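Sequences and hints are given; from them, build the entire structure.
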Amino acid sequence: MADRSPRRLTALVGLLVLALFLLPWVVGRYSVYLAIQILILSVFSLGFNLLFGYTGLLSFGQAGFFGIGAYACAKILLAVPNLFLGLGGGVAAAGVAAVVLGFLSVRHTRIYFSMLTLAFGMMVFSIAWKWRDFTGGDDGLVGIPRAPLEIPGLWSLSVATQERYYYVVLVVSLLAIWAMYRLVHSPLGLTLQAIRDSESRAEFAGVPVRTYRLIAFTIAGLYAGLAGALLTPLENTVTPGIAHWSTSAEPVLATLLGGVHVFGGPIVGAFLFFMLKDIIVRFTQYWLIWLGAIVVALVMGFRGGVASIFARR
Amino acid sequence: MKKGVGILSVLFVLTLLLLPAGPAEAQCQLGVPVIKIGVQGAASGPHADYGRQIEMGATMAIEEINAAGGILGCKLEIKFMDDENKAATGVKNARYLVAEWGAHFMVGTDSSGVAMAMGPVLAELKRIHFFTHAATHRLTEELVAGKGIKEIVRVSVPVYQDAIVAALIFKDRPEIKRWATIGADYEYGYVTWNLFKETLRKYRPDAEFVAAVWAPFLTLDFSPHVSAVMAQKPDAILATPWAGEAVMLLRQALIQGVFDSQIQAWWQAMGGSVDVLEGIASEVQRDRFKGKLWATARYIHNWPDTPENKAFNERFRKRWARLPNYSAETTYSALFIIKAAVEKSRSLETPKVIEGLKGMQINNPGGLRVFRAEDQQFIYNVPAGRVVMDPKYPIPVLGDLKVFAAKDYYRHPPFTPVAATK
Amino acid sequence: MLIAELPDFMDDIAFQGLIGLSMAMYLWLISAGLTIIFGVLRIINFAHGSLFMMGAYLAFTFYGQLGLPFWLAILLSLLGVGLLGLVMERGFLRRIYGIDEAYQLLLTFGFILILDDAVKIIWGGVFKIPAIPPFLDGAWRVFGRSFPVYNAFVIAVGVAVAVGLWALFEKTWWGRIVRATASDREMANAIGVNVPRVFSGVFVFGSMLAALGGALGTPVRVVAPGIGAAMIIQAFIITVIGGLGNLKGAFVASLIVGILSAYGTLFFPVFELFLIFAIMAVVLLLRPQGLFAR
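Chains as they are written, first to last, in our numbering: chain C, 2 to 314; chain D, 49 to 470; chain H, 1306 to 1599.
These aren't lab readings, by the way, just hints derived from the structure by calculation. Since the structure is predicted, the reported quantities are computational estimates derived from the model, not experimental observations. Be aware that one or more of the hints could be misleading.
Heads up, simulated SDA-like pairs for lysine to any residue below, C-alpha to C-alpha not over 25 Å straight-line [claimed, not checked]:
(1) Lys127(D) / Thr285(C)
(2) Lys338(D) / Trp1445(H)
(3) Lys440(D) / Arg367(D)
(4) Lys198(D) / Ala161(C)
(5) Lys76(C) / Arg143(D)
(6) Lys127(D) / Arg283(C)
(7) Lys195(D) / Asn83(C)
(8) Lys140(D) / Trp26(C)
(9) Lys278(C) / Glu148(D)
(10) Lys140(D) / Thr285(C)
(11) Lys140(D) / Phe284(C)
(12) Lys140(D) / Gly29(C)
(13) Lys140(D) / Pro149(C)
(14) Lys76(C) / Lys470(D)
(15) Lys278(C) / Gly150(D)
(16) Lys392(D) / Ile402(D)
(17) Lys278(C) / Ile1426(H)
(18) Lys140(D) / Glu164(C)
(19) Lys140(D) / Glu251(C)
(20) Lys76(C) / Glu172(D)
(21) Lys278(C) / Trp1428(H)
(22) Lys195(D) / Thr162(C)
(23) Lys140(D) / Phe272(C)
(24) Lys174(D) / Val169(C)
(25) Lys338(D) / Val1454(H)
(26) Lys225(D) / Asp1316(H)
(27) Lys76(C) / Asn237(C)
(28) Lys219(D) / Arg249(D)
(29) Lys278(C) / Ala1423(H)
(30) Lys455(D) / Leu416(D)
(31) Lys76(C) / Pro264(D)
(32) Lys470(D) / Leu1580(H)
(33) Lys140(D) / Leu277(C)
(34) Lys174(D) / Leu79(C)
(35) Lys340(D) / Val1447(H)
(36) Lys366(D) / Gln1370(H)
(37) Lys174(D) / Trp26(C)
(38) Lys198(D) / Ile402(D)
(39) Lys140(D) / Trp288(C)
The following block contains the structure:
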């Protein structure tokens, strides 16, 4: 049993990846667009869950880093249309912010941590919303190019079409997922879970708890920043709403839907989140009420998310 | 025997179902089952009436067009989506409407911010969007005339109406020197104030602009804004928050005694809109505004006094039990513009339809609209006036009308930039 | 780049402060409920803002649409939201008390989604804004300007609630039981207090306070979907600054935030929002028990 399961799982994952690569040949433009959004939310949610599921910290401010990644990418692409720089810059900016804000945030836990992250996230939002000269204010930044992948002077690949951009997002997302997988199965990942389960015991064992929390926070911020940076060239627009706490709720919901304590939970949840919304919206414009009902149902009865339903054997 | 009859009936029904569709489809000369028009507007929040009016205008238009045989024999179908006045949502909806739903054309959009975000995306999607509310001049001056995005067509009057007409009216009031604004804290608010200041300065070098306070979307309470502006003792106020927010702003201004003070005039840019007039009706009835409240709109239901406009009002009231708002008239007219353009070009392809728009002059309820190719705007006249009661109508109307010929005060190329900043 | 020129007169500054004071009262009403609920149940109800919004909508229906007297409309809206609060607490929150707080937060977040959409479904888009009750219309001359009677009324209500709450918790039997339960629920249980019933009662009471804030605003403030979300953020900030569970702190913090917002519109509109969140963050970092903790 123990032998066949991992191999079967690997085979399944392999098939899935193959299907993702073939996707644009099989489905229409809008479905590809949805797929990009799902991948972005997956990356966003994976980072979030490192903090929540593995380290036990519920952050309501991840959208702040998402926003920083998106705006940084936007400003870079408007100045220098080079996708490598845009994505890299977005991730770096979010990472720096995460280290700084994380240093302040991880001094607290539980409700105070949640509220602190909420405050920080909203501070980023208020900057994006009000600093019109730099961020475009309420109207945001528009006309951002879907810049080419370029090594100046050597090589340039245009990703202006949605199909090409899909592959960029796919490759980057797969790398990010793989990196996270290795991370949570490493000693770092195990330490984080130990801290989640019992802070005092981890301390007794000599673990510098705050440092590890900061590492988790920073990684979550990097992932959020990457997700934000990937979004900018897709929509060609950035508006302050992406840093708002209501955006912070998306990875929370996706993770809850898919399963908090399963590695693939956030990814499954991201998929379900968009599928649910897309389906519900065809019947009624009032999809939030259904989403809310699902959240309530999940919290009341299925806190492990969809994954837990399948895990019950 | 019974089984035989049963099988035959089933076969008969199946054959009917499988037969190619009847004469209706054969008549469509453009080779599509139906012409799809995507519609967007704000359908939630304090501005929700505008999205609804856009939808009502579009619905009534296609009902009339379909009843008269459609466009070149093809029926129309609309799909309305709420853009929540948010750029990200508007862009996402546009992609969905074109790529997934198959829209041939799109109409609507209330927010100037959303319009500016959609512009470049329309070029990517290669679909024309007929803007029926969003007013920023930058949409047509920068994106059409400047960047050549021909997928943008504007059917409603832009901020020239909100800003330039105000300057033209009040330049002749020598006692009004000190102006203040309570502005909508986004693109539309900034450009209106900047354009107003620029225009007024030309006629009145003695004009002073003493205060500007800004209220973003979802301002709950306008009391500090009114109070802050009144502290500067202006002679007149130009206000750009619209829809439900305009009503609450005016309510606050009333209870803070603005209309009993030294204020000579209050220009509520889109105050001639039906929902605002409904909201302030009881105060107008009691003359609380002392005749100082001025407004304009992008169409007012009681002008022009033509049979066509009256008939449009009648049909609208019968269909929806309300008077048509300007966004309803502009959207309704946009649908007929699409009809005329498609009939002329005999095609649904974007470049051909754009060609078909050139030189178009069309009679709508709001009057004669003339297409201007340089910035792809339909030019028509809309008056401004004082908000008063008229016994012929259940809600206030604009009276004491001042009409300026649009072709005289509209800006034209070459366009000098007017900033969209505070 | 200063937008509003500095006013010459102290009068204008004082007047703006008064305006801020009336705005603060709405914040006080919603924050009082939030902080009381946290103090006793140790729950942060994210959907508290939605209850504020429901209070406004219900009051609008009773007063604006059905034409009932203003005071009756407010009373009915309090009862309606109280009932809603009871359902939320008894039907849902109670069942997950023992579990990780994170899930309680998530549950209340789910409530926000449901209530915000429900409001759109039931009340839709357009509604006429009701007239101000005639006896509250008009203005008084204060600091050389016209201060609306309605704003003064709201200040009076807010102060009355503050005094009333103080009297309730200090002087009455129920108040003492609630305080006991708040400080040590096991002990309270041991001496015979029906803790679950106290929880329900407090939750309903707090919800009604939020509803009062919403209902009071009906004639003069925007009633629209989304006002709940806008208010809850400010309520969080105030509760944090004042200290979670600290009623007196919530009152003072409401005054600070309300008056600061009013001055923000006058003097430094660009920084106002950022400033408020920054204060919240600073308080959480340096003095998480709140600025006014004993």
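Taking only the CA atoms, is the gap from Lys440(D) to Arg367(D) under or equal to 25 Å?
20 Å, holds
Straight-line Cα separation of Lys219(D) and Arg249(D) no greater than 25 Å?
Roughly 9 Å separates the two Cα atoms, so the pair holds.
Does Lys127(D) pair with Arg283(C) here, judged by a C-alpha cut-off of 25 Å?
11 Å, holds
Next pair to validate is Lys140(D) with Pro149(C); report whether the Cα-Cα distance is within 25 Å.
Holds, at about 22 Å.
Within a Cα-Cα threshold of 25 Å, do Lys392(D) and Ile402(D) meet the stated pairing?
Distance ~10 Å between Lys392(D) and Ile402(D) Cα, so the pair holds.
Does Arg143(D) sit within 25 Å of Lys76(C), going by the straight-line distance between their CA atoms?
Measuring from Cα to Cα gives roughly 24 Å; hence the hint holds.
With the threshold set at 25 Å, check whether the alpha-carbon distance from Lys140(D) to Glu251(C) stays at or below it.
17 Å, holds
Does Lys338(D) pair with Val1454(H) here, judged by a C-alpha cut-off of 25 Å?
Holds, because 20 Å separates the two Cα atoms, which is no more than 25 Å.
Compare the distance between the alpha carbons of Lys127(D) and Thr285(C) with 25 Å, and conclude whether the hinted pair is satisfied.
12 Å, holds
Does the structure keep Lys140(D) and Phe284(C) at a Cα separation of 25 Å or less?
18 Å, holds
Does Lys140(D) pair with Thr285(C) here, judged by a C-alpha cut-off of 25 Å?
17 Å, holds
Is Lys278(C) close enough to Glu148(D), meaning Cα to Cα at most 25 Å?
15 Å, holds
Hint compliance for this structure: every hint is met.
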